[in-house]
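S.K.: The lines below spell out each chain.
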Amino acid sequence: DGGITQSPKYLFRKEGQNVTLSCEQNLNHDAMYWYRQDPGQGLRLIYYSQIVNDFQKGDIAEGYSVSREKKESFPLTVTSAQKNPTAFYLCASSIFRGAGELFFGEGSRLTVL
Amino acid sequence: KNEVEQSPQNLTAQEGEFITINCSYSVGISALHWLQQHPGGGIVSLFMLSSGKKKHGRLIATINIQEKHSSLHITASHPRDSAVYICAAPERENPDRGSTLGRLYFGRGTQLTVWP
Chain F
1 DGGITQSPKY
11 LFRKEGQNVT
21 LSCEQNLNHD
31 AMYWYRQDPG
41 QGLRLIYYSQ
51 IVNDFQKGDI
61 AEGYSVSREK
71 KESFPLTVTS
81 AQKNPTAFYL
91 CASSIFRGAG
101 ELFFGEGSRL
111 TVL
Chain S
114 KNEVEQSPQN
124 LTAQEGEFIT
134 INCSYSVGIS
144 ALHWLQQHPG
154 GGIVSLFMLS
164 SGKKKHGRLI
174 ATINIQEKHS
184 SLHITASHPR
194 DSAVYICAAP
204 ERENPDRGST
214 LGRLYFGRGT
224 QLTVWP
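These protein sequence lines map, in sequence, to chains F and S. Throughout the first sequence, residue numbering follows this note's numbering, covering 1 to 113 in sequence. Throughout the second sequence, residue numbering follows this note's numbering, covering 114 to 229 in sequence.
Heads up, some of the hints might be wrong.
[To be verified] Derived CB-CB ranges, DEER-like:
#1 F:Phe88 with S:Pro192: 22 to 28 Å
#2 F:Gly40 with S:Pro192: 19 to 25 Å
#3 S:Arg193 with F:Lys9: 20 to 26 Å
#4 F:Thr5 with S:His182: 33 to 39 Å
#5 S:His182 with F:Gly63: 35 to 41 Å
#6 F:Asn18 with S:Ser163: 40 to 46 Å
If you are wondering where the hints come from, they were derived from the structure by calculation, not from laboratory data. Note that the coordinates shown come from a computational prediction; the quantities given were computed from them, not determined experimentally. Backbone N, C-alpha and C fix where the C-beta goes; we use that ideal spot for every residue, glycine too.
Can you build the whole structure from these sequences, using the hints too?
M.R.: Below, the structure written as structure tokens:
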């Protein structure tokens with residue numbers, strides 16, 4: 001079955017450590033996105049990618065980094081520069097940016113200890 | 114000001130009741146998405162619509178492009194419908210040229226709780 005797989009589902013990190021969240025899709029979608037969700041707030045865009053080897057900052061990119069070396073994969077690194085990294089992170093994809101049905105992963109919950 | 118506004122923020126219903134969640138948007142869009150977020154956090158797409166009405170089982174989504182308004186209805190609600198419902202609108206960047214690629218705006222979600 002086609003879909004998006006995120007891992008890990010839960011992650012604990014000590015302050016000062018970088019962590020990488022995995023996002024893999026087998027839908028052959030060009031566009032992939034990373035969102036952050038905090039309690040009581042809507043989804044906020046961290047980064048998006050429209051094509052392999054290209055990605056753009058979203059609204060809250062500071063303290064995060066991404067890569068898009070393969071069409072299927074769009075990992076997100078939460079760096080130590082992110083001041084408040086505890087949140088729920090969602091990866092999504094669509095056939096093109098802003099077009100087509102949206103597919104989401106199950107999310108990764110990051111807690112900084 | 115949010116480009117996408119949802120109401121109500123919270124909704125409680127008794128099993129069997131008819132539910133309506135509203136979404137208004139201020140941007141020019143190519144389509145509107147209704148999403149469902151489960152208690153565990155995963156999100157699934159319910160509808161993507163650009164005009165008229167769509168129906169899937171007990172869920173119905175309508176959109177009025179002129180009024181920039183969409184509604185999600187749930188008939189004969191059930192406790193398993195309890196979730197957060199989110200509307201999302203991808204902005205049409207160049208409406209005069211018909212471009213449909215643009216950023217996606219999300220509403221803050223409606224927490225629906227259906228009691229047995």
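S.K.: Decide, hint by hint, whether the structure agrees.
M.R.: Status of each hint after checking the structure:
| no. | hint | result |
| --- | --- | --- |
| 1 | F:Phe88 with S:Pro192: 22 to 28 Å | holds, 24 Å |
| 2 | F:Gly40 with S:Pro192: 19 to 25 Å | holds, 23 Å |
| 3 | S:Arg193 with F:Lys9: 20 to 26 Å | holds, 22 Å |
| 4 | F:Thr5 with S:His182: 33 to 39 Å | holds, 35 Å |
| 5 | S:His182 with F:Gly63: 35 to 41 Å | holds, 37 Å |
| 6 | F:Asn18 with S:Ser163: 40 to 46 Å | holds, 41 Å |
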